[in-house]
Amino acid sequence: MKLCLLRKFKYLTVIFTIFASQIVNAETLKFDMTIEEMVKEVTPGFTNKVWAFNGQVPGPLIRAKEGDRLIITVQNNSTLAHTVHWHGTFQTNSWKMDGVPGVTQKAIQPGDSFVYDFIVDKPGSLWYHCHVNVPEHVGLRGMWGPMIIDPKEPTDIEKEVTKEAIMMFSGWNSEVAMEYGKGGHPQELNDYFSINGKSFPSTQPLRVKEGDVLRIRLFAATVEAAYHLHGHDVLVTHKDGLPLDSPYWADVVHVPSGGRVDVIVRMNNPGIWINHDHIEAHTSNAGKMPGGAVTIIEYEGVETEEWYKWKGKEYQPDFYMSETMKKGSGIHNVDVYKAKAPESDRRKRKKKRKSKKSKAE
Amino acid sequence: MKLCLLRKFKYLTVIFTIFASQIVNAETLKFDMTIEEMVKEVTPGFTNKVWAFNGQVPGPLIRAKEGDRLIITVQNNSTLAHTVHWHGTFQTNSWKMDGVPGVTQKAIQPGDSFVYDFIVDKPGSLWYHCHVNVPEHVGLRGMWGPMIIDPKEPTDIEKEVTKEAIMMFSGWNSEVAMEYGKGGHPQELNDYFSINGKSFPSTQPLRVKEGDVLRIRLFAATVEAAYHLHGHDVLVTHKDGLPLDSPYWADVVHVPSGGRVDVIVRMNNPGIWINHDHIEAHTSNAGKMPGGAVTIIEYEGVETEEWYKWKGKEYQPDFYMSETMKKGSGIHNVDVYKAKAPESDRRKRKKKRKSKKSKAE
Amino acid sequence: MKLCLLRKFKYLTVIFTIFASQIVNAETLKFDMTIEEMVKEVTPGFTNKVWAFNGQVPGPLIRAKEGDRLIITVQNNSTLAHTVHWHGTFQTNSWKMDGVPGVTQKAIQPGDSFVYDFIVDKPGSLWYHCHVNVPEHVGLRGMWGPMIIDPKEPTDIEKEVTKEAIMMFSGWNSEVAMEYGKGGHPQELNDYFSINGKSFPSTQPLRVKEGDVLRIRLFAATVEAAYHLHGHDVLVTHKDGLPLDSPYWADVVHVPSGGRVDVIVRMNNPGIWINHDHIEAHTSNAGKMPGGAVTIIEYEGVETEEWYKWKGKEYQPDFYMSETMKKGSGIHNVDVYKAKAPESDRRKRKKKRKSKKSKAE
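Chains as they are written, first to last, in the working numbering: chain A, 1 to 361; chain B, 1 to 361; chain C, 1 to 361.
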């Protein structure tokens, strides 16, 4: 134990040494990312104005290897100021890239851009989010996305994983949903809850096959969660990106606000298994049940009945980024997360098209 | 550690092997359970309409040994549809017994019954609850009860336990308490909080004697809890039924919604010790203090003063199921949890009795 | 592991043995502490009536060595009844010193005092708080303070600590802030959140230098917290005062209501680093952002820009008790926590002064 602790405490020193010796392998990755005013349909009947990274909620997947240098130009195409905080990165020698307005930088004004330039010196399940007026921008406007940094030395159990899934939990408040600059008062309460920006039944199945070793990366993006998977215990392996010395089994996993917990599950129990936030208030859509932060794991080859809630549902295989997680380093948009352009824009464009058309005539 | 992890990951495989070799010892247990419309008195002055398993809140204790087969017929005598989810069971090869409406079965309609048939292939502190309209049925209507599965291989520390106690934490909302079909909107807040269905001072003392090794199984049935015992640290030994590799000491134990945490305490400090949920909002009865999810551990032989809050209190020794936990496998009603028949029923029965009487006359 | 567990379970027995052999070194410390009606300015524009231990919020630091005897006379100078519970102490053979009204003592009436006399038989990050009408007295009126008991056998990593910081998290409700006897209903929600009684930007920087080994003792005094430090992972070393067998790294640390978590951080990453409760609702002042339970770690020698939020801020080096923690055993008032006498008192005193003056004339 003492050894173990010492090893841990040398962590940062060690990674620098490794870093020096491995720097030949480190890559420099250049990305562009925009912030757009969009409308997210959380579930039919409930839409929410968002400031969407690359026009989507959650934002695009940023993927890199431990030790890589990222140069990310963030262009603010919205009408209010923002920043981006890269939650979990150490920002060693680059504290001015930490993305906190009035502390590490001035906020990025509408129309402006900012270049974030830093080395991803911590591996694991990280994320990024705005750090301006957090209760509204992060809490209610979808300004969050995943950043997965592949470790130089994965643990044995990580190496066994055959399927990746990312679940980001968030809340929404329909009372202020359609008005920018409103919401986030501590006495207001959310009425919608979602995984990856969608509330049940608008979430998607997570399809697996027997024998899969599934890693689910749980992100409490805007609200805490108590994740419960039916039919399986999960092994809790990572906290905030780093492996636990003493993993433990659970059927309800608490993820505190802003935290991440990775769990690994052997898919050895074919069936149709609901999995969801077990906080009661998070399992309805403004009181309409079922709803909320709920989804279903479907094993390949299992027959479902006619009355199955999701019978014949149109399937989007990338809803948990399982497809996108197969790609290598880069910034990856995820089509199913795309929000819509606001009505006014659509009308303007329609008008333009019409006027072009009439001019053409 | 690696060994340990491997051991863990082989868990399911292993239990099947054990299972095969020990199947001769496995029992088949057949139970009946009903769902009744009842009225629960949480504390004098506050009653709540419930759908009570076997007419009680919490529901009856289900007790079995790891590997047993349970066949439970659930009869719905209420006016709305329900199911029963057996939280924590793996339901290996029996996913259709998982109790999720629209996913694993059609909800049990009023007057109908459903036979759940499954093997309890995971040991420890499990529970069961309805899975229809969870924010109301579970969150506000008392549809939850304990299921304790004795492990084939208890840990050393478990073997030392001399006294068992079960504490199930829940919240209530007096504004919707007496109207079925109402309540559960995420913006509503509870105003009563309880242990095993009662709010202080209507809870009961937990009486121990010096030398007892007390195991308290904490269940966050409908609300999270931060359990604090005065005068002792507790050793946190189990999470969601399974033993931790690395138990730890605590004086405040967080139990996330739906989770269970087992703690073991050596009763070596004679006195009168309050113990309670440390979440401030959970320690009053609609603002009246003291109240809420609070109780007191009383050591045998300790003298109390005249002004002691519970001086001369009528004692119900089974309020934490310490008596019922001495019984073997089976479904065990717990008298102190009995709810009352609703007023209308009582009137009807009275009428019937009267009419019978008048006919007889 | 088994050994380890045994060792743990012998804990209490062992400390008594040690205690007997070391009793020669144990000290008896006598303190006086008062409860005063004061007004706390949480941030300009928001003040709250409090019952302040020694006139300050948080209360004074109580510091002793494991095994010491404390004799604390608490004088109630307020208009309502109170007690003091010494949260985390075992109170072995002294359960009547546990501070629970109606259970271990009668509440201390206005004008009265009570002598608490007990041995601090558990080391670590403890605290004290009132146990009368907790949702108001503790939850909203500042009746809480730190008690740090130095262990006889500190862990290796504890011995490396070069700088101590204490952070106590609390909430406030401006709607009932200025009226004693109001507030604490479970359906009321807080609108201000603070560290050591102040909301950002009225909190203070925590100044460190490269090479410091910083121990932060996190206390969820009245609300849970999800503590996030930018630019560093923290090693979670202690839970509720006692060392973990298996410390773990985190960038978001959940502290349940009433719980304490100690974290140790090597200050090896010079910069200006915000750190805060990551629960969104806790990061504004009644909706005004930025605000809430937020502060900033400033490394010595790091240049900040003109637009830095805290540029030229008047610095109070003891805001996290880093100075006071250098003192030995005793009860230590902390000047920066002083609340103000209420308006009426000030008026009375002014009047008195005036009348004295006029008499003198």
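Heads up, some of the hints might be wrong.
Each pair may be met inside one copy or between any two copies, as identical chains are not told apart.
To be verified - Under the rule of at most 25 Å between Cα atoms (straight-line distance), these lysine-lysine pairs were calculated in the BS3-like manner: (1) 159 with 309; (2) 65 with 159; (3) 106 with 30; (4) 182 with 326; (5) 309 with 96; (6) 30 with 327.
To be clear, the hints were calculated from the coordinates, so they are not data collected in a lab. These numbers come from a predicted model, not from an experiment.
So, going through the hints one by one against the coordinates:
1. 159 with 309: Neither way: residue 159 and residue 309 sit 35 Å apart in one copy and 45 Å across, limit 25 Å.
2. 65 with 159: Result: close within a single copy only, 15 Å intra versus 35 Å inter.
3. 106 with 30: within (22 Å within a copy, 52 Å between copies)
4. 182 with 326: neither (38 Å within a copy, 46 Å between copies)
5. 309 with 96: For residue 309 and residue 96, the Cα distance is within 25 Å only across copies (14 Å; inside one copy 49 Å).
6. 30 with 327: Classified as within: same-chain Cα gap 16 Å, cross-chain 52 Å, threshold 25 Å.
Consistency with the previously given hints fails for numbers 1, 4, ordered from lowest to highest.
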